[in-house]
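Just so you know, the protein sequences line up as chains A and B, in that order.
Here the first sequence is numbered in my numbering, starting from 1 and rising by one per residue.
Here the second sequence is numbered in my numbering, starting from 1001 and rising by one per residue.
It should be emphasised that the hints constitute simulated quantities derived from the structure, not laboratory data.
The reader is advised that the hints may include incorrect statements.
To be verified - Interface residues of chain B toward chain A, partial, derived using beta-carbon atoms under 7 Å:
(1) N1108
(2) P1221
(3) Y1233
(4) N1254
(5) S1537
To be verified - Restraint-style ranges between C-beta atoms, simulated for each label pair:
(6) A:D218 to B:T1488: 19 to 25 Å
(7) B:F1564 to A:T369: 34 to 40 Å
(8) B:G1589 to A:G473: 29 to 35 Å
(9) B:L1270 to A:I199: 46 to 52 Å
(10) A:Y19 to B:E1372: 55 to 61 Å
(11) B:L1072 to A:V269: 17 to 23 Å
(12) A:E497 to B:S1219: 16 to 22 Å
(13) A:E497 to B:A1481: 43 to 49 Å
(14) A:H376 to B:G1503: 22 to 28 Å
(15) A:D218 to B:F1564: 35 to 41 Å
(16) A:D208 to B:A1577: 50 to 56 Å
(17) B:D1573 to A:E474: 19 to 25 Å
(18) B:M1140 to A:S363: 50 to 56 Å
(19) B:A1425 to A:I199: 55 to 61 Å
Claimed, not checked - With a cut-off of at most 25 Å between alpha-carbon atoms, the simulated BS3-like pairs for lysine-lysine come out as follows:
(20) B:K1492 to A:K328
(21) B:K1125 to A:K489
(22) B:K1113 to B:K1403
(23) A:K15 to A:K98
(24) A:K489 to B:K1124
(25) A:K328 to B:K1496
(26) A:K106 to B:K1493
(27) A:K570 to B:K1478
Glycine included, each C-beta is placed from N, C-alpha and C at the ideal position.
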Amino acid sequence: MTLWEHCRIFHRAVKELCYRMEKRYTIAMVLDAFLGAVIGYVPIYFSARLIDALYERRPLETLVLYVALTVGLVFGLRLLHTYVVSVKQISEENIYRKEQWGYSEKAMELSYASIEDPEVDRLRYRIQKESQTGYNLYYLHRLIEDFTREFTSVLASIALVSSFFVLPEISLLARLAMLGGVFLTLAVHIVCTNISQKINRGLWDNVDMNIWGEQFSDYVEDYGSGKDIRLFAMEDFLAEEAYRREFDYCRHTVEISCRQALLTIPGIVLENVLKYGVYACLIVAALAGGITVGSIAKYVSCIMLLLSALQRIAGDIPLWMENNHYLKRYFSYFDIPNEMYRGTLTVEKRDDNDYQVEFRDVSFRYPNTQEYALRHVNLKFKIGEKLAIVGQNGSGKTTFIKLLCRLYDPCEGEILLNGVNIQKYDYDEYLSIFSVVFQDFQLFDFRLGEVVASGRRFDAKKVRECLEKANFGERFRELPRGAETYLYKGFDQSGLEISGGEAQKIALARALYRDAPFILLDEPTAALDPISEYEVYSNFNSISGDKTAVYISHRLASCRFCDKIAVFDKGRIVQVGKHEELVRETDGKYHELWTAQAQYYAG
Amino acid sequence: MQKEKQKVKPTHSSFSNVLWAVGQLKKYTPSTFVIMVLLIPLEIGVQYLGIYLPALVVSGVTAGEHLLQVLLGVGGTMFLLLLGNFLIQTLSIIQGAQQGIYRYEVTNTVTRKTLDLFYQDFEKKEVRSLEARATRATEMWDGSQPIQDIVRNGFGILRNILGYLIFGTVISFASPWLLPLLTVAPIVNLWAVRVYDRWEYARRGSRTDLERRLNYVQSLPGRLSAGKDIRIYSMSQWLREIYQELFTENDRLNRKLVKYNFLSHAADLLVILLRDGGAYALLISMYLRGEITVDRFVLYFAAISSFASWVGGVIDCWNRIHSDSLLICDLRDFIDYPQQDGSGEARSEDFRKEAPEIVFDKVSFRYEGASEDTLHELSFTIHKGEKVALVGMNGAGKTTIVKLLCGLYRPDSGTITINGVPQSAFYRKDYYRLISPVFQDVRMGFFSLGEILSGKRLEDTDQERAKRCLADAGLLEKVNALPEGLATKLGKKANKNGTEFSGGEAQKLMLARALYKDAPILVLDEPTAALDPIAESQIYQEYNQMAQNKTSLFISHRLASTSFCDRILLIQDGKIAEEGSHKELIRLGGTYQMLFETQSCWYQEDGKGSDGVSASGIGVNWEDADTGAAGSGGAGKEAV
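Chain A with its partners taken away, still in its complex shape (with noise of 0.2 Å):
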């Protein structure tokens, strides 16, 4: 990275990430730095005034004036910092909550490609993991920090120290020597510095150490995986794995730290051997009277104090540019375009619901991928059929469905609705005329009503109706809040725990409240009993009466129902038709899926 790219991230993340994300956070760290910086230099301001005063046997008044200002400056200037730090300390929850709501808003603001997307994924699980090590917002705001204290320190010292360099009684040689110390000093601090940093680098990333941690804690707790350690008896091997791999990790720190405390050995002897300097020029000048007594120790003091903050300033280069880095790969992500096309026609209510859509030769790959998912597909239903889709695993019965409600853009061919693309519509006004209940559908913990509206407001009237039509009616009339029952613990610990089948339900008075033309149903029956199987089956065609519907199941035995079957294979529809004519094929694939389960009903 060249200095322009370094400045050019620093700005933006401070633009992004200190100014818009939380103002006041970043105002009070500033502030913060700022007046911590400056109170150390009251005192020693004073106090030498003091000292001096009380040598040069000054009056009462003069003494009590000094100490007045030293103990009520501090004061001052402490209750003002305290102030500013119980802002700042109290802000910075504020602060981590947006950067972390900051990827939820990405999330939902990401093309559902790119949510699929493994890369993608990765990158975020990448950034978000380095953000919990320290890097991007934490640094940041750290150098920034320091950037503050340390240069105020660098300004307040020189200002206290630079009559030193003008004082007469000690002579160029000694001031160069001074200068000059002062520079060799820092100079050999980052050397070692670096070094010592170099030690370090490249042989353990905290990053990857701290992913393969949390991976490994989340398998050895969690339920699934603990039978599996059980019962194939891998206690000792992973016990080994973790003790090998931190304990590595360990030795090697030590081994290193040990190292890197050989290399401070030139730094602070360098150090003292400038202190004394300086303390020998001074006593020989103020053995000669002239410098006061007081000074002695003020000068000291700020020479020092310019030092290590020269060299905190210098320390802090290194961790800037890899800092910045690191939010490289951070803006990265967050720079991750929506591709989709988005249309801007408006698709019309009809109130006659007369919706055509037709599958044009379309074909589709998902992205970083080799073979064809769905392959020259061409399928044509109109309003008011109901519609199977039956297949093998990976046969595209999925894909169909998410290139239809447009979670993907089909690669070759088109998709129309009455006719247009369905790129030309307005992306969120063409979803709505879908209701779809995916195999993995989820259900938040909200309220019941919120759940069902899938918004903030909800029509009670329209959420009961459409539960009681879902089959859940019994159970709602049961509930004494109603539609304001929140579902399961995560949010409100009051919440309603359901089985599968309930949640089944609710998933579906969700698309029914949605009253969309389309009701797309993707394997709603595979984790459920035979009963609540058969609950589902029978349900789902009374629910959908005259709307149009798709339904996609591995329960060759749910086809029955519906008008007309498309059977899919290795992404290409092989046969179209009814139940009865498909079954009679013998040599097709729908006869083959077919025998394959009710082979075991025959009897």
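Given the coordinates of chain A, assemble chain B onto it according to the supplied hints.
Same frame as chain A, but now just chain B:
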């Protein structure tokens, strides 16, 4: 319910916890212990020299001593300072790194304990939260790390007491009045902070609840499976609104905290103001009266300014020890959590040669906190080499039976015997060697394929056997195509060169793993729920193959899959409701027949299935669903 204010009594005292932690440190890294002891006098010495040095310079200059004398004095002190600083810095770096060893040893003890816990305990809520807190004690969180901190603070108390004594002695030279005054001041500060903490604590309840809600809302958009629903149902606005409401509420609470936090610290500052003002006044008056010289003034004042830190340090360290102590208690309690194990009279070796007989004799089991038994006096026998299927509705207790048979749970009453030997006669880990399970919930972890198959390190995996099992499960081709073969790691998140398996492949891998284990009892817990008909049919055949010469228990709610079993047990309400072969059960015309017809009516040619089931009997509105099974009804009624 009566709300009783019960104070939780810690299982160990803070003092005992410090000793325990120091003991662990000494055990794992004795050198760190020595270093920490050495650091105490070093740090106090350096701090004293730090305030002594300016006084020395002042005295040298004001007393008009000879230049060389002053320079020597200052040089000598500085040399000591240099030495001290150097030692402190290097020793601290080394000690900091070495403490990592101690931390990892303790962490490892916790991990080991989690791994070795009896599964039934492992599932218990109370044990889970104990484990979570024990882990928390070993981890860095909000800038604290209890197991390291408690040691550090233990030594901190010693150091601060020593510092208090030494600096106190110096100050009492100035005036004996100062010592009690300076000791009281920090205690007032402490009191102010306490008041604030208590105030905050009282409001913490609503805050943690708010935090939990915020965390929950925040986690939703990132869920992979929620992505579809959020888009189709345009839920982002909904989530955003809830988040905003909670965030605002949280911020409002936080702003209130700022005020009180500030006030409690302002009180602190006021005390410092009085202390410093008072100390200055006293010292100046002493100087004016000629009782002390300028250099003494400098020394005493510096000593007074830093004196508070010793008293504060003692209190602070003690407070921290006290707050960490509860977590250390949890850590110790977890490590000492009683292990459940069998008597070890029987050895699995003697049972591995042939398929054993399994008998459940009046087995009852109740989940913790439940009001009813999940299984009540359940008895059944699986004969040698028999294949038995367990069927029943969700929640009938099938999974509980599996867990009992696997030895993951222990019955509350009754016994489970293997060839007449009770389960409890085996050591727990030894008993597990009898069982080859395939569970529905696949957790592959992020290890290499070989390690997953054998549950051992790759070096200890029998490569030949692994390949044979992969071949039997139909996965060898796939594995051979991977560049690293058996050493390929799963999961791309934790492993840069890792690979991912599809659901079907994962299922096959689980099968291969069960084959590798080759135990005499085979347990299959709904392994096909997510498979398509052809794959399902294949897997049944493989299981059938696999179950040769083994005693096997198979669970499914797909009744079709049970037809290769010798016998079917229908579980209802924790009891065996029906038992027999498929044909017998159909003939019986009971619940099994009803369930079977429910599933199979769809597969019958038209008309055949129509008399299968009574829809009204099972609470389904049947009239609208007549496309598939027209007019069914009536005959099944008596079945329900």
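So, going through the hints one by one against the coordinates:
1. N1108: Status holds, d = 5 Å.
2. P1221: Result: holds, 4 Å to nearest chain A Cβ.
3. Y1233: At 4 Å from the nearest chain A Cβ, Y1233 of chain B passes the 7 Å test, so the hint holds.
4. N1254: 5 Å, holds
5. S1537: 4 Å, holds
6. A:D218 to B:T1488: 19 to 25 Å: Given about 21 Å between the Cβ atoms, the range holds.
7. B:F1564 to A:T369: 34 to 40 Å: At 36 Å between Cβs, range holds.
8. B:G1589 to A:G473: 29 to 35 Å: 32 Å, holds
9. B:L1270 to A:I199: 46 to 52 Å: 48 Å, holds
10. A:Y19 to B:E1372: 55 to 61 Å: Once the Cβ atoms are compared, 60 Å apart, the range 55 to 61 Å for E1372 of chain B and Y19 of chain A holds.
11. B:L1072 to A:V269: 17 to 23 Å: 19 Å, holds
12. A:E497 to B:S1219: 16 to 22 Å: Distance hint for E497 of chain A, S1219 of chain B holds at roughly 19 Å.
13. A:E497 to B:A1481: 43 to 49 Å: 45 Å, holds
14. A:H376 to B:G1503: 22 to 28 Å: 26 Å, holds
15. A:D218 to B:F1564: 35 to 41 Å: Given about 36 Å between the Cβ atoms, the range holds.
16. A:D208 to B:A1577: 50 to 56 Å: 54 Å, holds
17. B:D1573 to A:E474: 19 to 25 Å: 21 Å, holds
18. B:M1140 to A:S363: 50 to 56 Å: Roughly 51 Å apart at Cβ, these two residues keep to the hinted range, so it holds.
19. B:A1425 to A:I199: 55 to 61 Å: Holds - the Cβ-Cβ distance for A1425 of chain B and I199 of chain A, about 57 Å, lies within 55 to 61 Å.
20. B:K1492 to A:K328: 22 Å, holds
21. B:K1125 to A:K489: Holds, because 15 Å separates the two Cα atoms, which is no more than 25 Å.
22. B:K1113 to B:K1403: With a Cα-Cα distance of about 21 Å, the restraint between K1113 of chain B and K1403 of chain B holds, given a limit of 25 Å.
23. A:K15 to A:K98: 15 Å, holds
24. A:K489 to B:K1124: Status holds; Cα separation ~18 Å.
25. A:K328 to B:K1496: 20 Å, holds
26. A:K106 to B:K1493: The given pair, whose Cα atoms are some 20 Å apart, holds under the 25 Å limit.
27. A:K570 to B:K1478: Judged against 25 Å, a Cα distance of about 19 Å means the pair holds.
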